[in-house]
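Read top to bottom, the protein sequences are chains C and E.
Counting along the first sequence from 1, when you hit position 279 you're at 279 in the working numbering, and nothing is skipped either side.
Counting along the second sequence from 1, when you hit position 36 you're at 507 in the working numbering, and nothing is skipped either side.
To be clear, the hints were calculated from the coordinates, so they are not data collected in a lab.
Please note that the accuracy of each hint is not assured.
[To be verified] Computed cross-link-like contacts, EDC-like style, restricted to lysine to aspartate or glutamate with a CA-CA straight-line distance of at most 16 Å:
#, chain 1, residue 1, chain 2, residue 2
1, E, 477, C, 456
2, C, 188, C, 141
3, C, 416, E, 517
4, C, 450, E, 516
5, E, 477, C, 131
[To be verified] Non-contacting residues of chain E with respect to chain C, defined by C-beta distances greater than 10 Å in every case (computed):
#, residue
6, 477
7, 487
8, 493
9, 494
10, 535
[Claimed, not checked] In silico contact screen, one side only, chain E against chain C (beta carbon under 7 Å); selected entries:
#, residue
11, 475
12, 490
13, 499
14, 500
15, 504
16, 508
17, 511
18, 520
19, 536
No experiment lies behind these values; they were computed from the predicted model shown.
C-beta: ideal position from N, C-alpha, C; glycine also.
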Amino acid sequence: MKVFQYLTTLDARDLEDLYKDSWTCQAIVRSLPPRAKQYIFKMLMVDTYPLTIAKDWSQHSSNHQHKEALKKLFDLKIILLNRGKQQSEQSIQLNPLFQENIKSALVEFDKVIFSNSSNIKDTNKIPNINDLDNYSKKQWEQVLYFLSDDAAQPSKFISDLLLSSNLTRRDQDGSLSITSDGFKFLLKDVYTQIWTLLIVYLNDLEKKRREGLTQGSRNDLLGFLFRLSFLQLGKGYLVGELTELQKEYLICLKQFGLIYMKSDASLFFYPTRLIISLTTGKTLSLIQTLAVDKINSSSNSANTVASSTIEKKESGYIVLETNYRLYAYTASSLQISLLSLFVKMLYRLPNLAVGIITRESIRTALIHGITADQIIDFIRHNAHPNAVNNGQPIPDVVAEQILLWEQERNRITYTKSVLYNSFPTTDCYHATLKFAKEQDYYIWSNDQLKTLVVNENGNDPIRNFIKKNFA
Amino acid sequence: MVHVYKGLFLECDPPTKQFVEYISKQEHFEVIVLDETHLFLQAADEKIINTIQRRIDDLQNQNTYSVFDKDQ
């Protein structure tokens with residue numbers, strides 16, 4: 001689940017609370033699709049807008065996107081609907097708090113989030129952007145390791161989080177093992193993974209707050225996250241300027257690799273690329289952009305050769321052939337253990353692992369609840385550059401076969417339902433059929449057999465309908 | 472008078488439908504045939520679905536030949 005879906009699940013009061021913060025409002029505007037953004041700015045300087053005029057914002061052909069954009073804004077409670085007595089009197093308006101914050105954000109250029117003009121200098125070595133990228137990558141991989149490798153020992157914070165998110169479960173002997181949700185989680189992109197865990201963290205925090213165990217609240221942390229996403233990569237910010245609560249969050253975020261701090265007692269913290277792109281949703285191609293950035297930054301550095309070998313690994317490592325053989329150019333045990341979820345690994349060389357995709361290996365993955373689409377997407381996202389350049393990161397024949405293997409497991413679909421037959425008259429049958437269709441209970445019918453199948457909810461209403469009209 | 476049956480409405484391909492009909496006697500459940508691709512399992516629950524899934528799975532395993540899974 002992504003953050004804006006998450007926001008829509010909050011109730012109006014929580015959203016109002018969040019919109020008090022100007023940075024939150026800006027972060028939300030920044031991440032909305034272009035059409036929704038445009039609508040916000042259309043309405044920014046007016047108080048109310050008649051709904052009938054809003055219908056003209058879009059051409060008939062793009063009505064669908066229009067409705068989608070409006071729905072998104074309604075869901076986020078950014079646009080509020082004023083119901084009039086008549087259809088023509090209905091009007092819409094921006095959430096006043098939100099409107100005020102965006103307006104003021106437009107005129108105040110020099111607002112600072114956390115000032116860094118102080119005279120205190122960081123005594124530790126100042127990390128450069130590469131260090132930060134490597135650090136966040138390492139931290140995040142470590143979190144994934146806890147999942148894929150039973151022997152790894154996570155910190156209490158991480159292991160609690162993984163437990164309450166149902167990605168791992170505690171066995172009888174007290175050790176942690178991965179669940180099928182955990183398997184699915186591993187194949188997702190970094191952005192989704194981080195949000196999944198953050199949302200669990202947010203919910204835990206809210207629960208603890210209700211029980212009075214902590215001062216922190218969900219809204220507080222969300223606001224803090226949005227604020228952090230406006231920071232500049234490669235700059236240090238003073239820990240001392242944060243509130244006590246924010247310092248607490250900082251220590252947690254550090255374990256995800258969202259924040260870099262030399263030690264828990266450091267004076268400065270550095271945002272990493274993960275947190276900055278967190279709300280813009282661009283982490284999806286994080287690995288790829290890392291590689292591109294590295295090419296740009298390392299073009300005039302002496303160790304181009306060394307960094308270009310890293311790039312190759314980071315920009316994808318899987319070569320899949322039409323004979324179902326899979327070559328993974330990697331030395332990382334994490335990547336290999338990920339692959340072994342759905343590939344039968346044959347042998348491993350220092351920088352290469354070879355495996356084969358078989359019916360059995362895919363079936364094991366499917367039984368764990370991984371879907372064929374997830375597998376195919378995973379291979380596609382991590383395909384070796386040479387495979388991508390050939391235009392086929394995953395051969396059609398293999399992709400099709402994986403889909404077929406999935407389909408053969410789902411040969412039947414079923415619904416709980418109720419069947420009616422032996423209707424006394426054709427009229428009775430047709431009347432009941434019409435009623436079922438109108439009330440949306442209808443599943444299947446056959447006129448010759450005079451048989452009608454409706455879903456479970458329809459049983460009582462239809463029974464009453466027949467009794468009332470034909471008994 | 473109208474007859475009412477509670478149960479599961481099943482949708483599948485014709486061969487699978489035949490197979491479900493075939494195993495209905497062994498696994499003891501009542502089937503009402505609706506058409507080529509639809510069946511109605513009288514008074515059925517998830518347990519019966521699991522049984523059917525398992526039987527279909529077995530059938531498929533019998534009909535699959537794989538070099539790699541057997542040799543290595």
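- Any of the earlier hints contradicted here, and which numbers? Failing hints, ascending: 4, 5, 6, 7, 10, 12, 13, 14, 15, 16, 19.
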